[in-house]
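*Asks:* Protein sequences appear in the order of chains F and X.
Quick note: the first sequence uses the numbering used here, first residue 1, plus one each step.
Quick note: the second sequence uses the numbering used here, first residue 1001, plus one each step.
No wet-lab data here; the hints were simulated from the structure.
Mixed in with the good hints, there may be bad ones.
Okay, derived cross-link-like pairs now, DSBU-like style, lysine-lysine, Cα gap no bigger than 30 Å in a straight line [stated by the list, open to error]:
| # | chain 1 | residue 1 | chain 2 | residue 2 |
| --- | --- | --- | --- | --- |
| 1 | F | Lys57 | X | Lys1114 |
| 2 | F | Lys9 | X | Lys1107 |
| 3 | X | Lys1110 | F | Lys41 |
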Amino acid sequence: GGIITQTPKFLIGQEGQKLTLKCQQNFNHDTMYWYRQDSGKGLRLIYYSITENDLQKGDLSEGYDASREKKSSFSLTVTSAQKNEMAVFLCASSPDRFSNERLFFGHGTKLSVL
Amino acid sequence: GDSVTQKEGLVTLTEGLPVMLNCTYQTIYSNAFLFWYVHYLNESPRLLLKSSTDNKRTEHQGFHATLHKSSSSFHLQKSSAQLSDSALYYCALSDPGGSNAKLTFGKGTKLSVKS
């Protein structure tokens, strides 16, 4: 088995602040993803990466940057936090680089912006 | 593009009653995969069911779903709800047509089971 570890679990930021979320996986999976979870809006893809140093934009990439410097890690940066923003960011990975039949998720990072 | 519709945002049931969570989808691909993911509070979302075969019932952990391509539906059912079934359920669609398929999620249905 493997695990996906997201840090931090909770993140409180100030409006306009740059915030970084980290994700590590020990499945040795090729593909990793960042999703944003909002109540009533489902899971929306922000960025994904099919291999080390690859980045692909999802539907919600504006306002975010991502980095995949190692196969095992995938970080997400909120470039300028929006006031009163609240969401959960979920990292995921999948074994197959060409499809995502099954995603393995982390527990999430809950973001609150004051 | 692809889309997944989960009509109910919240379903509240009494323990022991049957569960049915609706999922319909739109895609141009005939070989799409449909999934149900479940997200329990304080846990990570995980795969519950998946299917790409028309009219075949798929079962796991007491839940079942049948993909009906004629009606573009993949409803999740269980004969008798338990308190522990309370969670957020996502229907999702994978289009394997491209070199990098993207998973399209519905908005989610929160199932609340009460005693």
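*Asks:* Now look at each hint and say whether the structure bears it out.
*Replies:* Hint check:
no. : hint                  : in the structure
1   : Lys57(F) / Lys1114(X) : violated (41 Å)
2   : Lys9(F) / Lys1107(X)  : holds (23 Å)
3   : Lys1110(X) / Lys41(F) : holds (12 Å)
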